[in-house]
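Asker: Chain residues, written in single-letter form:
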Amino acid sequence: MHISITAETLFSIFAFPVTNSMIVSWAVIGVFVVLSFFVTRNIQSIPRGIQNCMEMVIEFILGMMDSVTGNREETKRFFPLIATIFLFVIAVNWAGLLPGTGTIGLKEIKEGHEKLIPFIRSSSADLNFTVALALISFATIHITGIISIGFFKYASRYVTFKNPLDFFVGILELVSELSKLISFSFRLFGNIFAGEVLLTVMLFLVPYVVPLPFMALEIFVGFIQALVFAMLTLVFVKIATVDTHH
Amino acid sequence: MDEKVKLIEESVKWAQYLGPGIAMGLGAIGPGIGIGILVGKALEAIGRNPEASGKIQTVMILGIAFTEAIAIYALVIALLIKFV
Numbered sequence: 004m005h006i007s008i009t010a011e012t013l014f015s016i017f018a019f020p021v022t023n024s025m026i027v028s029w030a031v032i033g034v035f036v037v038l039s040f041f042v043t044r045n046i047q048s049i050p051r052g053i054q055n056c057m058e059m060v061i062e063f064i065l066g067m068m069d070s071v072t073g074n075r076e077e078t079k080r081f082f083p084l085i086a087t088i089f090l091f092v093i094a095v096n097w098a099g100l101l102p103g104t105g106t107i108g109l110k111e112i113k114e115g116h117e118k119l120i121p122f123i124r125s126s127s128a129d130l131n132f133t134v135a136l137a138l139i140s141f142a143t144i145h146i147t148g149i150i151s152i153g154f155f156k157y158a159s160r161y162v163t164f165k166n167p168l169d170f171f172v173g174i175l176e177l178v179s180e181l182s183k184l185i186s187f188s189f190r191l192f193g194n195i196f197a198g199e200v201l202l203t204v205m206l207f208l209v210p211y212v213v214p215l216p217f218m219a220l221e222i223f224v225g226f227i228q229a230l231v232f233a234m235l236t237l238v239f240v241k242i243a244t245v246d247t248h249h
Numbered sequence: 304m305d306e307k308v309k310l311i312e313e314s315v316k317w318a319q320y321l322g323p324g325i326a327m328g329l330g331a332i333g334p335g336i337g338i339g340i341l342v343g344k345a346l347e348a349i350g351r352n353p354e355a356s357g358k359i360q361t362v363m364i365l366g367i368a369f370t371e372a373i374a375i376y377a378l379v380i381a382l383l384i385k386f387v
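Heads up: the protein sequence lines correspond to chains F and S, in order. Under this note's numbering, think of the first position of the first sequence as 4, with each following residue one higher. Under this note's numbering, think of the first position of the second sequence as 304, with each following residue one higher.
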């Protein structure tokens, strides 16, 4: 049984290590690019086939975002980022369920015993990926807040000298921002990595019919975690733009 | 003296298996209770006002993700202790 908390490197390009989770995310990007190219080549007013499917997905995301923002204008403004986060994360989460995950790979000899380095590993089970996504969300939230309210008004939420109570509330808000960063990345990482470990152990114990409920659970968890990441980003962006107390 | 120290060292090696177990076990108590309360209140609210069930469901899923994250932190620590 082979479990490693860091993604294993397959090869290096001029001293830049390429891990298996990186390859999976490139493959997912390639699939999305090719799919969107073929779907938008011949757009018709009355959709059929794959275009219909894509429109269903887009309408679902727009509906979810409308329930948070409240008006279509704001939804359309933030749609590219939120939809990208949602679709990319859900595709990468479900890529960890493909047959061959954790089993098909290269055999290498390290420190005396043989180790298997699998080709497929979900990108969200790699802490680098989730921290990068969390940083992107973090940057979007603050930059959007600064753009819409103005730098000094936005900074006065965190560092203010009007009265001592507000000063301490500002410090608490700073700490809570940091904890948001950690919580974003670890929530996604922990869920998906724990799911992979669970599946590895289950398939190791009983390879045939028994792991099926666990795979269903993993499909559901992958969907929910992508949804939660995108929705939380949207909620915090909305709070950052609307919040003008005092 | 050296042998005694080695003997003591050898006999405490079982503790490395206990660490992750305790970390995850204790860390799952709080979020478990929290999610139970959360979903209970959500069900009550849906029972009182079935028309608002869509909104209630959305906020409930968000709340569940937040509380579950705490359990996931405990899980990550347990995995770190075991595998790193």
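These are computed hints drawn from the structure, not numbers from a lab. Only a predicted model underlies this, so the values are computations on that prediction, with no experimental measurement involved. Backbone N, C-alpha and C fix where the C-beta goes; we use that ideal spot for every residue, glycine too. Heads up, some of the hints might be wrong.
Which chain S residues face chain F? A few, computed with CB under 8 Å, are given here [claimed, not checked]:
(1) T361
(2) L365
(3) L382
(4) L383
Here are some chain F residues the structure puts well away from chain S; computed CB gaps all over 12 Å [what the hints assert, rightly or not]:
(5) I8
(6) T12
(7) P20
(8) N55
(9) G66
(10) V71
(11) A94
(12) P121
(13) V172
(14) F189
(15) R190
(16) F192
(17) G193
(18) N194
(19) A197
(20) V231
Asker: Each hint should be assessed against the structure and marked as holding or not.
Answerer: The hints, checked one at a time:
{"no.": "1", "hint": "T361", "result": "6 Å, holds"}
{"no.": "2", "hint": "L365", "result": "6 Å, holds"}
{"no.": "3", "hint": "L382", "result": "6 Å, holds"}
{"no.": "4", "hint": "L383", "result": "7 Å, holds"}
{"no.": "5", "hint": "I8", "result": "5 Å, violated"}
{"no.": "6", "hint": "T12", "result": "17 Å, holds"}
{"no.": "7", "hint": "P20", "result": "18 Å, holds"}
{"no.": "8", "hint": "N55", "result": "24 Å, holds"}
{"no.": "9", "hint": "G66", "result": "10 Å, violated"}
{"no.": "10", "hint": "V71", "result": "8 Å, violated"}
{"no.": "11", "hint": "A94", "result": "19 Å, holds"}
{"no.": "12", "hint": "P121", "result": "16 Å, holds"}
{"no.": "13", "hint": "V172", "result": "21 Å, holds"}
{"no.": "14", "hint": "F189", "result": "6 Å, violated"}
{"no.": "15", "hint": "R190", "result": "4 Å, violated"}
{"no.": "16", "hint": "F192", "result": "7 Å, violated"}
{"no.": "17", "hint": "G193", "result": "3 Å, violated"}
{"no.": "18", "hint": "N194", "result": "6 Å, violated"}
{"no.": "19", "hint": "A197", "result": "5 Å, violated"}
{"no.": "20", "hint": "V231", "result": "4 Å, violated"}
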